[in-house]
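Student: Sequence:
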Amino acid sequence: EIGWRGRGRGGGGREPCGDGPPGGAGWAGADIRRLPSGTRIVLYVERPGMVIGKKGGQIHQLTETLEKTFKLDRPQIEVVEMKNPELCAPIMAKRIAFAIERGINIRRVGQMMLRRIMEAGAKGAEIVISGKVAGERKKRLRFYQGYLVKTGELARMYVSYGYAQAKTKPGIIGVKVWILPPDAPILDKISIEEKKEETVEEETVESERDKSDERGGNEGKVEGAEG
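Under the working numbering, the final residue of the sequence shown carries the number 284; numbering is consecutive throughout.
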């Protein structure tokens with residue numbers, strides 16, 4: 058309702074994930090509920106101190122913004138620290154994007170972040186990085202490990218999803234992350250006996266112009282023709 062979006066775990070102890078205000082705080086999401094006494098807003102962040110500010114200054118400023126800009130009635134803000142940021146997809150997506158902007162190798166970043174997610178206890182995870190890499194055509198790298206679903210009730214209730222963008226000289230690189238947390242039930246009684254090694258898929262995405270040039274270059278040639 059106030060422009061913060063995303064998808065996190067549902068049910069009890071919900072930890073929604075999305076895009077939100079304070080930069081550098083490790084934003085994870087917000088839970089907003091309208092009550093007779095006002096609007097209760099729970100902010101989930103990695104570093105609460107950066108949201109609260111000195112003597113609560115940031116909170117007061119944020120409260121005024123919510124009242125004036127979004128017309129919320131008597132907003133009551135609570136800040137909750139994310140105990141396991143590696144299990145929150147928006148936080149991990151932003152970490153990956155930041156690392157790419159710093160010039161760290163994309164394949165290395167994807168493998169490293171996937172390993173951290175799985176070491177934090179995730180049942181499954183997937184990272185997709187797509188965009189133009191320096192000196193190469195547009196690429197799509199996919200890193201995945203464990204058990205993961207993206208549709209249905211299990212995905213809606215439990216799978217954490219995050220998206221971020223890395224701004225580089227060649228262009229924008231998109232980062233998508235899906236995480237199935239440790240407490241998510243696995244349907245159909247599927248048991249995982251051992252952890253599989255992380256898998257990486259890579260594909261080159263050709264533009265329509267590239268395809269047109271390739272077709273034009275093949276005109277006039279006949280396979281198997283003799284002098």
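I should point out that these hints are in silico values taken from the structure, not numbers from a laboratory. Warning: the hint list may mix true and false statements.
The calculated BS3-like cross-link candidates involving lysine-lysine, where the alpha carbons are at most 30 Å apart (straight line), are [stated by the list, open to error]: (1) Lys195 with Lys207; (2) Lys180 with Lys196; (3) Lys112 with Lys128; (4) Lys125 with Lys112; (5) Lys112 with Lys140; (6) Lys207 with Lys233; (7) Lys111 with Lys140.
Simulated DEER-style distance windows between Cβ atoms [stated by the list, open to error]: (8) Asn141 with Lys207: 36 to 42 Å; (9) Glu124 with Arg164: 43 to 49 Å; (10) Arg164 with Lys226: 30 to 36 Å; (11) Thr122 with Asn162: 15 to 21 Å; (12) Met169 with Leu211: 25 to 31 Å; (13) Ala212 with Thr122: 19 to 25 Å; (14) Arg164 with Arg97: 39 to 45 Å.
As the structure is a computational prediction, the values presented were derived from the model and not from experiment. Virtual Cβ for every residue (Gly too), placed ideally from N, Cα, C.
Student: None of the hints should be skipped; say for each whether it holds.
Tutor: Verification of the supplied hints:
Under the criterion of a C-alpha separation no larger than 30 Å, the hint pairing Lys195 with Lys207 is consistent with the structure, at around 25 Å. Between the alpha carbons of Lys180 and Lys196 the distance comes to roughly 27 Å, so the proposed pair stays at or under 30 Å and holds. Between Lys112 and Lys128 the CA atoms are separated by roughly 25 Å; this keeps the pair inside 30 Å, and the hint holds. Between Lys125 and Lys112, the direct Cα distance comes to roughly 22 Å. Compliance with the 30 Å bound is thereby established for this hinted pair.
Between the alpha carbons of Lys112 and Lys140 the distance comes to roughly 23 Å, so the proposed pair stays at or under 30 Å and holds. With a C-alpha separation of about 12 Å, the suggested pair Lys207 and Lys233 falls inside the 30 Å cut-off, and the hint holds. Straight-line distance between C-alpha atoms of Lys111 and Lys140 comes to about 22 Å, which keeps the hinted pair within the 30 Å bound. Checked against the given bound of 36 to 42 Å, the beta carbons of Asn141 and Lys207, roughly 21 Å apart, lie outside it.
Glu124 and Arg164 have their C-beta atoms about 46 Å apart, which keeps the hinted 43 to 49 Å range intact. Between Arg164 and Lys226 the C-beta distance comes to about 19 Å, which lies outside the given range of 30 to 36 Å. Between Thr122 and Asn162 the beta carbon distance is about 39 Å. The supplied range of 15 to 21 Å is therefore violated. Distance hint check for Met169 and Leu211: the Cβ-Cβ separation is about 27 Å, which falls inside the suggested range of 25 to 31 Å.
Ala212 and Thr122 have their C-beta atoms about 33 Å apart, which leaves the hinted 19 to 25 Å range violated. Distance hint check for Arg164 and Arg97: the Cβ-Cβ separation is about 43 Å, which falls inside the suggested range of 39 to 45 Å.
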